[in-house]
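**Student:** If you want the building blocks of each chain, they are given just below.
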Amino acid sequence: MRLPRHPSVRFGALVLLALALAAVAAPWLHTVDPVQLTPRLRLKPPTAEHWFGTDGFGRDLWSRVIYGARISLAIGALVSSVAVVLGLAIGLGAGFVRWLDGPVMRVMDGIMAIPAILLAIAMVSLNGASLATVAVAIVIPEIPRVARLVRSVVLSVREEPYVEAAVGLGTRLPRLLWRHILPNTLAPLVVQGTYVAASAILTEAILSFLGAGIPTEIPSWGNAMAEGRVYFQIAPWIILFPGLCLAVTVLAVNLLGDGLRDMLDPRLAKSVRSFR
Amino acid sequence: MAIVATIVFLLLRFSAGDPAAVLAGDAATPETIAAIRTRLGLDQPMAVQLVRWFWQLLHGDLGTSIISNQGVGHLIADRMAPTLALSITTILFAILVAVPLGVVAAWKHGTIVDRAVMTFSVLGFSMPVFVLGYLWILGFAIKLRWLPVQGFSPLSDGIGPFLAHLVLPTLTLSAIYIALIARITRASVLEVLGEDYIRTARAKGVPERAVLMRHALANAAVPIVSVIGIGVALLIGGVVVTESVFNLPGLGRLTVDAVLARDYPVIQGIILVFSGVYVLVNLAVDLAYVLLDPRIRY
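Going line by line, the protein sequences match chains W and Z.
Counting with our numbering, you get residues -9 to 266 for the letters of the first sequence.
Counting with our numbering, you get residues 15 to 312 for the letters of the second sequence.
These aren't lab readings, by the way, just hints derived from the structure by calculation.
Keep in mind that a hint or two might mislead.
[To be verified] Looking from chain Z toward chain W, a few residues come up when the C-beta cut is under 7 Å (computed):
| hint | residue |
| --- | --- |
| 1 | 139 |
| 2 | 140 |
| 3 | 142 |
| 4 | 154 |
| 5 | 174 |
| 6 | 207 |
| 7 | 251 |
| 8 | 270 |
| 9 | 285 |
| 10 | 287 |
| 11 | 289 |
| 12 | 291 |
| 13 | 294 |
| 14 | 295 |
Quantities reported herein were computed from a predicted structural model and do not represent experimental measurements.
By construction, the Cβ of each residue, glycine as well, lies at the ideal position given by its N, Cα and C atoms.
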């Protein structure tokens, strides 16, 4: 496969690829069991043995960070694919079925008016923390963004002569959607999907950091940092290493999105980003 | 607003962890739990609860905290000051920094200055709020000892400490907002700079500063103002996190506390208030368009 020429796509893709490899190969990368407690080694600064130091329970931070990559990447991929699929369905429905448009889009506006993080915090805390509830709580505020995007594409495309021609020729609805509408939504969806992934990874970390995220025994970056809060003044590495990994990951996803946007459709440059 | 209220209510209720059980504690018998549920009206059908909550809302009553038995409106008002102070300083600071950055980046389009601003903007988007907050604390409060680490000092205790406690939270919270506004400012000024009237203005010898401020920025203002409005949603999410990092006793802390205690009425009330603020801000933004662009009429 040829490497894409766009520099930020290349950078973003490489970083994510490296991270995914590390996540998969976690057991062989100088890691120990990320939940193994070694009270004797509490709050040790980074050394040759513990590259990122240890946390308040003597757990090896390097191992927790590498294993945590699994959680963050999984959340990003899962949330963005679910949000894209549901948003696509809702957007197509609202764009094509006249009487659905009004009510559905009002509900979408309603969801968008509620700050995403608050909504997610509330839902997770009331449902009990599990990987599934966190994913659902992050997906819900993202759906309207995708739905609005798809709907606007549908509304502009359905006036195109080739769509009218297809309708005039008696093309059935499923085929019309599949052959004529979907291809037009593809480029903006890929771009929006990466942005959704970036914000999902961030939101998961924030939720876990606030204590309203995935269960604390699962090693995720947010959980690692949440445990570091009390020790911040004496052991700042507990927050800094997972935090920097998180920042680099989100940066890579965002750059990938920006680059894809420039590559796939220069006209999108303004519209997608400004509605985040 | 009514739709927002309904969504908030339904999402929270369907996600039913049982607050009566939490309130009664671990040792409670099923009878106690049932009694508490009756007292709180939680045994009524969903629709009845919803209508009752709406009725109270229309009377300006946000309900009563299940845990502390205080009025939700009262609780929220108590915690308003730090949140309001932080939000205002952040918005002002962000606009003062971001708009000039964006204008300069557009003016020096394609140069190293432009690149730097855009890089900063992508970084601002990607940097998690709390990581940034801890970096500031580590640098300015722990290593340099210039500023207080955490906490809040009310305005009544003097303006100096009040501001000193707000510097780091403001720097933290405004990063993503600056990134957003600078990006839009650059894009929309860049677009305007290509217009004929800019060339005309330059040709007739209008000083470059006036071209940028009077001609370019004034015409680019509408998208900038609208993104400032949209960004308030980001800001509200960020406030919750920033207040936790810096131990500010504001609405964000109230949210986290209420969530940990599963205090439905308080969570509902806060989300509703925040959403209301968001809707109002965006309404104000819509109205501001008329001032900024005489072509827009309602």
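**Student:** Next, verify each hint and record whether it holds.
**Tutor:** Against the structure, the hints:
Among the interface hints, the one on residue 139 (chain Z) holds; its C-beta lies about 6 Å from the nearest C-beta in chain W, closer than the 7 Å criterion. The closest approach between the C-beta of residue 140 (chain Z) and any C-beta of chain W is roughly 4 Å, which is under the 7 Å cut-off, so the hint is satisfied. With a least beta-carbon distance of about 5 Å to chain W, the hint placing residue 142 (chain Z) at the interface is held under the 7 Å criterion. Proximity of residue 154 (chain Z) to chain W is violated relative to the hint, the smallest CB-CB distance being about 13 Å (cut-off 7 Å).
Taking 7 Å as the C-beta contact cut-off toward chain W, the hint placing residue 174 (chain Z) at the interface is violated, the least distance being around 24 Å. Here the hint on residue 207 (chain Z) is broken, as its CB sits about 15 Å from the closest CB of chain W, past 7 Å. Annotation: residue 251 (chain Z) was flagged as interfacial toward chain W, and the flag holds, the nearest CB pair being 3 Å apart, inside 7 Å. Given hint, residue 270 (chain Z) at the interface with chain W, holds; its Cβ is 6 Å from that chain's nearest Cβ, closer than 7 Å.
Checking residue 285 (chain Z) against chain W: minimum C-beta separation of about 5 Å stays under 7 Å; hint holds. Because the beta carbon of residue 287 (chain Z) sits about 10 Å from the nearest beta carbon in chain W, more than 7 Å, this interface hint is broken. The criterion of a C-beta within 7 Å of any C-beta in chain W is met by residue 289 (chain Z), whose closest approach is roughly 5 Å, and the hint holds. A distance limit of 7 Å between C-beta atoms decides the matter here; for residue 291 (chain Z) the minimum to chain W is near 9 Å, and the interface restraint is violated.
Interface restraint check for residue 294 (chain Z): the shortest CB-CB distance to chain W comes to about 11 Å, outside 7 Å, so the restraint is violated. A least Cβ separation of about 11 Å between residue 295 (chain Z) and chain W goes past the 7 Å threshold, and the interface hint is therefore violated.
Comparing the model with each numbered hint stated earlier shows that hints 4, 5, 6, 10, 12, 13 and 14 do not hold.
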